[in-house]
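Trainee: Each chain is listed here by its residues.
2 protein chains.
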Amino acid sequence: MHRVPICLILLCGFCWAQAASDSQPASSNVRGAEYPRVSSDLRVTFRLKAPDAKKVQLQPGGDGLGKGPIDMTRGADGTWTATTPPAVPGFHYYWYLVDGLIVNDTASETYFGWGRESSGVEVPEKGADFYAVKDVPHGEVRVRWYYAKTTAAWRRAMVYTPAEYDRNALARYPVLYLQHGSGEDERGWTNQGRANFILDNLIAEGKAKPMIVVMEQGYATAAGAAQGRGAGQSSAFEQVVLNDLIPMIDATYRTLADRDHRGMAGLSMGGGQALQITLAHLDSFSWIGSFSSPLRAGLDLKTAYGGVFADAAAFTKKVHLLWFGAGTAEENMLKPAMAMSETLKQAGIQNVFYQSPGTAHEWQTWRRDLREFAPLLFR
Amino acid sequence: MHRVPICLILLCGFCWAQAASDSQPASSNVRGAEYPRVSSDLRVTFRLKAPDAKKVQLQPGGDGLGKGPIDMTRGADGTWTATTPPAVPGFHYYWYLVDGLIVNDTASETYFGWGRESSGVEVPEKGADFYAVKDVPHGEVRVRWYYAKTTAAWRRAMVYTPAEYDRNALARYPVLYLQHGSGEDERGWTNQGRANFILDNLIAEGKAKPMIVVMEQGYATAAGAAQGRGAGQSSAFEQVVLNDLIPMIDATYRTLADRDHRGMAGLSMGGGQALQITLAHLDSFSWIGSFSSPLRAGLDLKTAYGGVFADAAAFTKKVHLLWFGAGTAEENMLKPAMAMSETLKQAGIQNVFYQSPGTAHEWQTWRRDLREFAPLLFR
Chain A
303 MHRVPICLIL LCGFCWAQAA SDSQPASSNV RGAEYPRVSS DLRVTFRLKA PDAKKVQLQP
363 GGDGLGKGPI DMTRGADGTW TATTPPAVPG FHYYWYLVDG LIVNDTASET YFGWGRESSG
423 VEVPEKGADF YAVKDVPHGE VRVRWYYAKT TAAWRRAMVY TPAEYDRNAL ARYPVLYLQH
483 GSGEDERGWT NQGRANFILD NLIAEGKAKP MIVVMEQGYA TAAGAAQGRG AGQSSAFEQV
543 VLNDLIPMID ATYRTLADRD HRGMAGLSMG GGQALQITLA HLDSFSWIGS FSSPLRAGLD
603 LKTAYGGVFA DAAAFTKKVH LLWFGAGTAE ENMLKPAMAM SETLKQAGIQ NVFYQSPGTA
663 HEWQTWRRDL REFAPLLFR
Chain B
303 MHRVPICLIL LCGFCWAQAA SDSQPASSNV RGAEYPRVSS DLRVTFRLKA PDAKKVQLQP
363 GGDGLGKGPI DMTRGADGTW TATTPPAVPG FHYYWYLVDG LIVNDTASET YFGWGRESSG
423 VEVPEKGADF YAVKDVPHGE VRVRWYYAKT TAAWRRAMVY TPAEYDRNAL ARYPVLYLQH
483 GSGEDERGWT NQGRANFILD NLIAEGKAKP MIVVMEQGYA TAAGAAQGRG AGQSSAFEQV
543 VLNDLIPMID ATYRTLADRD HRGMAGLSMG GGQALQITLA HLDSFSWIGS FSSPLRAGLD
603 LKTAYGGVFA DAAAFTKKVH LLWFGAGTAE ENMLKPAMAM SETLKQAGIQ NVFYQSPGTA
663 HEWQTWRRDL REFAPLLFR
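Chains A and B are the protein sequences, given in the same order.
Using the working numbering, read the first sequence as starting at 303 and increasing by one per residue.
Using the working numbering, read the second sequence as starting at 303 and increasing by one per residue.
Hints in this document: simulated from the structure, not taken from any laboratory.
Each hint can be trusted.
Quick partial rundown of chain A residues pointing at chain B, CB under 7 Å, derived from the structure:
1. Ala352
2. Asp354
3. Asp401
4. Leu403
5. Ile404
6. Val405
7. Thr412
8. Glu419
9. Val435
10. His440
11. Glu442
12. Val443
13. Val445
14. Trp456
Taking lysine-lysine pairs in the DSSO-like style, the calculated list, with each CA pair at most 30 Å apart, reads:
15. A/Lys620 to A/Lys604
16. B/Lys451 to A/Lys428
17. A/Lys351 to B/Lys357
18. A/Lys356 to B/Lys351
19. B/Lys356 to A/Lys351
20. B/Lys351 to A/Lys357
21. B/Lys356 to A/Lys357
22. A/Lys451 to B/Lys509
23. B/Lys428 to A/Lys451
24. A/Lys637 to A/Lys604
25. A/Lys451 to B/Lys436
26. B/Lys356 to A/Lys356
27. A/Lys369 to B/Lys351
28. A/Lys509 to A/Lys619
29. B/Lys369 to A/Lys351
30. A/Lys637 to A/Lys369
31. A/Lys351 to B/Lys351
32. B/Lys451 to A/Lys436
33. B/Lys647 to B/Lys620
34. B/Lys509 to B/Lys428
35. B/Lys509 to B/Lys620
36. A/Lys620 to A/Lys511
37. A/Lys511 to A/Lys428
38. A/Lys357 to B/Lys357
39. A/Lys509 to A/Lys620
40. B/Lys637 to B/Lys647
Note that the structure is predicted; figures quoted are calculated from it, not measured.
Glycine is no exception: its CB is placed at the ideal position from the N, C-alpha and C atoms.
Can you make the complete structure from the sequences, with help from the hints?
Mentor: Written as structure tokens, this is what we have:
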């Protein structure tokens, strides 16, 4: 009569012991934090002590942890836990909903996304080390403050300089301007995207040319204009890039300061900005990347982007690279981008289209985009 | 009969309007967040929408916002508010306690302190602009990854290079190693302390010599040792500094790589580390700063710090600057430091003691420490 319950207890104990020995604290945790933990099958276990809460949920800020909110289970001591299904590899925002209130995990580092500092969990991808910190020469990410006349305010740019930059005192370098997505900021590409390690690794392997990468925040309000997301915002950012940021970068760093050595790319909102700004200013840019950007369906080649695609021969002569990427798990971004790429190809405008297998509107897609895009630049 | 309530309503309306028109969103908020707000008399108003909470408190992570936890008041729509008494100027950590749970403010940037990412509020100091971003040449804060053999792990250092560094390709610079306090990390001195702006301003005014400032995390576990705060930790950090960090910095940057051009300082735990490491290695350091460090009372000159103070003449010959600082509102740090400073002076060992008026164990003390300490360096 007692056999069944004892077996169940043993089984439970065994399961728990397995999960514990097999799982590792996420690399995105703060020093010493044991949870969240990722097991070898990529299930992620979250844990929050909230004895007085009536309901605690895990809210993923993206698609890779599964559909949220995920109800957490209360233990006897008031610790709530949840384990996700096997997660998509990569970086995922998350937060807790404690009786409906957004609560960050004190065990996680914070990452600026969703318009606020957010928790995040790194799920490793088996065999993928292109964004790992490796024993190769490392570039620097330099925090550069500068005054923008457009906004009459100080702004912060993050500037990646390749490992050789300070050793080759006479060399000059091409520049990629690389933009984050909506709700993120100039820290996203290094903190979440690990862009510096991706470039360090590509450059060390000889796969990408040494380049400077400039990461700025894609928000701007023109001096004197009202704050907010008005129509003037995107044009103010364009003015910042052209009239403040590029002149400052070219005056401060040893750049190759011409259109043949200047590119711009971005993810999501930032990809839209990259297309808008570069295609309107081909005198300044010749390398263009759009990662998971929200593109309109039904591209009119004659009128879209100021009619820049109307003359395919002229466009091809000017633009060295037009590159699109999207994840196969983000159909709403993938399909219009694929359609645009096809329409352009049919019109004789060469471009590259990359599909990131199995990833959605999240950073693993954009890390891979950068890995694929950067080697093609400045050739 | 109706006069009194009407008057009260008008009065209330007037008070509220005054507070609203007079107050400003804290500069430490995320873009566009209206709360926390600081009024001209330095009262700080906090606001959190948590309709389902039974009790919400504001918990200051320091002394400058008043004694906590401070009970917040629930409004009809479930928004809880609290206004502090006039705050001490400077940066203050804070978080909410929502039914006892630690909850960061999604309206605030986060700052690594208390062993986790924490909310923080910046309260301006009237007339003090020594840590403001001003129209002067700006140095860079460079994120530098390096491999430490001591810990067999990659570490991140923040390296401030003065504005002229890239323009003076042949110049070499002295180096200050500058450590954070317990629960903080290598980001503290720039994010919370604004050390880069303090140095930019001092250097631009000719008050401090251009220097490199290296900010590292004061934690280390020797390769193969168990994680944690064991006895080996502080010695592992000492080994990192001497055997990994300094050699890497001297190999990577144009430093003046000798003891006459190398200093170390730190705040709280970091000040203790600075004293411990420098006084045991006067062959490597000659400029020493201790900001609000927990010092033992009753210094035995013959035995303390390996007996380095026993021969005053020899010490004075070697050490160019020994500097102590503390806030007048942190008696437990001020008194032992003052006593140590006095004991040393009486023994013929020159040193500087600085008291930060009205500030406690918080960043405004340490910003002022750096403002007073840096101008004396490398003369």
